[in-house]
Amino acid sequence: MADLRTNFAGIKAPNPFWLASAPPTNTGYQVQRAFEAGWGGAVWKTLGDPILNVSSRFAGTSYNGKQVMGFNNIELISDRPLEVNLQEIYETKKKYPDHAVIASLMVEPQQEKWHEIVKKVQDVGVDGFELNFGCPHGMAERGMGAASGQVPELVEKQTMWAKEAAEVPVIVKLTPNITDITATALAAVQGGADAISMINTINSLAGVDLDSWNTIPHVAGKGAHGGYCGPAVKPIALNMVAECARDPELNNIPISGMGGISTWSDAAEYMLMGAGSVQVCTAAMHHGFSIVEDMIDGLQNYMDEKKLETLDDIVGKSVPKYSDWGDLDLNYKVVARINNDVCINCNKCHIACEDTSHQCIDMLTAEDGTDYLEVREEDCVGCNLCSIVCPVDGAIDMVEIPNGEPMTWNDRQAAIKQTSTSATELA
Amino acid sequence: MASYEEFLEEKSKIDELVEKGYRIGKVEENLSGAFVDFERPNEKKQSEKKQLHILNPDTRKYFSNLLIAQQKNK
Ligand SMILES: Cc1cc2nc3c(=O)[nH]c(=O)nc-3n(C[C@H](O)[C@H](O)[C@H](O)COP(=O)(O)O)c2cc1C
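Heads up: the protein sequence lines correspond to chains A and B, in order.
Taking this note's numbering, the leading residue of the first sequence gets 3, the next gets one more, and so forth.
Taking this note's numbering, the leading residue of the second sequence gets 3, the next gets one more, and so forth.
If you are wondering where the hints come from, they were derived from the structure by calculation, not from laboratory data.
All figures in this text were calculated on a predicted structure; none of them were measured in a lab.
A hint or two may mislead.
To be verified - Here are the computed lysine-lysine pairs in the DSSO-like style, where the Cα-Cα straight-line distance is at most 30 Å:
hint, chain 1, residue 1, chain 2, residue 2
1, B, K63, B, K51
2, B, K13, A, K419
3, A, K419, B, K46
4, B, K76, B, K15
5, B, K63, A, K419
6, B, K76, B, K13
As the list claims (entries may be wrong) - Label pairs and their in silico Cβ distance ranges:
hint, chain 1, residue 1, chain 2, residue 2, range
7, A, N412, B, R42, 26 to 36 Å
8, A, P404, B, H55, 25 to 35 Å
9, B, H55, A, A185, 49 to 59 Å
10, A, V344, B, L10, 58 to 68 Å
11, A, L207, B, E7, 42 to 52 Å
12, B, H55, A, W327, 20 to 30 Å
Where a beta carbon is used, it is the ideal one built from N, C-alpha and C, also for glycine.
Hey, can you work out the whole structure from these sequences and the hints?
If you want it as structure tokens, here you go:
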């Protein structure tokens with residue numbers, strides 16, 4: 003059976019599934035129950051000067067009746083005094099010495115503040131720190147969280163200050179509220195981070211109530227922007243993990259990935275794209291701690307089927323397949339093929355193609371009078387839209403058509419450039 | 003005209019020039035598409051030139067493949 007044990011930047015855990023710093027890791031009671039349920043690690047709810055929260059903090063977004071496609075919150079960091087948290091961390095670590103307990107920290111960007119909190123928390127025996135440079139609301143208005151996480155110099159400095167006092171690994175948790183996350187990742191590396199994690203939540207407003215015109219959620223008729231997470235953010239987060247994993251300047255720094263992970267397969271995708279551990283918040287809040295059982299079983303079965311023995315056999319294996327657009331093969335060609343035995347003639351593909359793509363799906367009538375759909379392959383650009391909107395599995399296949407030697411945009415531009423240099427040389 | 007027919011039409015113009023011994027000399031691309039200069043030496047060792055204005059994206063891939071092959075076989 004595949005071995006899921008993890009050594010992430012020196013932090014050991016029985017498996018790579020960690021609870022992210024958030025309400026599920028608010029107290030010792032919760033974290034201990036989570037470990038009993040099977041979670042390999044927990045990043046404690048962010049510690050700092052105890053805050054005050056508002057009531058009415060969360061909002062879920064649904065899509066077509068599916069609940070919690072996304073999740074929005076305006077909650078701040080821990081509202082409990084540091085000593086209370088430290089006592090519970092100490093007890094938890096003592097009871098579960100083999101599980102990873104990581105303390106998330108957030109203080110003002112001052113050296114003494116970082117030294118003070120790191121030393122105090124370190125004394126209770128945490129396995130590592132995660133610096134929260136990501137919360138987009140509330141704390142950011144006070145110069146912390148995303149406000150300092152968006153400024154590379156502040157990321158570097160604060161990482162350095164934490165590292166000056168830390169004797170255990172330091173993970174820097176990055177904000178996605180930035181154009182190029184590799185810029186702040188590099189700042190973390192330059193500050194001496196042992197690992198990075200991403201993503202924290204994305205700036206969001208969940209909605210507006212059409213009767214009251216209040217924001218969702220609202221606090222006595224007023225709203226403020228929150229942070230978005232859950233399944234909807236997975237593609238954004240996965241790209242950020244992949245961009246960091248493939249950036250040579252980041253030197254293969256270990257990455258803990260999160261954002262919309264709900265199943266073992268989400269986790270496996272993050273791992274293939276370079277995440278050495280994964281963190282989960284929304285899915286645990288939606289379904290409870292027991293979801294980790296399916297995550298562990300699923301990952302183990304997948305690895306067994308693929309004959310993979312340890313996580314090293316999976317982590318980062320898709321990274322070399324992630325490239326720049328200019329290196330993609332312009333000659334690679336797929337076309338849509340409709341399987342008329344399976345197709346239910348709903349016409350969704352025809353409408354999508356006719357209205358919004360390349361008008362290459364014809365509605366035809368057979369000799370026996372039955373209607374059927376057919377793709378004019380020579381006009382099909384292989385955009386995939388028909389297969390995306392098709393409601394029936396297996397009704398549309400995207401089929402590869404042999405189309406000669408590979409040619410990338412970069413190859414092509416180099417060849418064209420060469421024509422102008424040879425023309426100049428001739429002149 | 004359907005995109006595929008446009009491609010076939012432009013491709014055949016390129017193929018015709020290549021058959022007559024023309025090679026791609028220079029390519030200039032702008033908002034209006036690609037202007038491809040074809041050249042071949044005549045008996046007096048002077049270069050004869052023909053220009054095609056290529057509009058279709060598949061034909062722009064097609065001549066690029068030809069150009070790369072031409073540069074490889076130089
Ligand atoms: C209600 C709530 C509170 C959160 N509080 C924190 C926090 O205190 N510190 C932190 O680093 N991240 C916090 N997060 C962000 C999560 O740790 C995580 O980065 C984010 O939710 C993405 O993961 P998910 O899609 O699995 O939820 C919070 C998220 C939620 C939903």
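Hint check results:
1. B:K63 to B:K51: Roughly 21 Å between the alpha carbons, so the hint for K63 (chain B) and K51 (chain B) holds.
2. B:K13 to A:K419: 22 Å, holds
3. A:K419 to B:K46: 29 Å, holds
4. B:K76 to B:K15: Given that 30 Å is the threshold and the Cα spacing comes to 23 Å, the pair holds.
5. B:K63 to A:K419: Cα-Cα ~15 Å, so holds.
6. B:K76 to B:K13: Distance ~22 Å between K76 (chain B) and K13 (chain B) Cα, so the pair holds.
7. A:N412 to B:R42: 26 to 36 Å: Distance hint for N412 (chain A), R42 (chain B) holds at roughly 29 Å.
8. A:P404 to B:H55: 25 to 35 Å: 30 Å, holds
9. B:H55 to A:A185: 49 to 59 Å: 42 Å, violated
10. A:V344 to B:L10: 58 to 68 Å: 32 Å, violated
11. A:L207 to B:E7: 42 to 52 Å: At 49 Å between Cβs, range holds.
12. B:H55 to A:W327: 20 to 30 Å: 26 Å, holds
Hint check: violations occur at hints 9 and 10; the rest are consistent with the structure.
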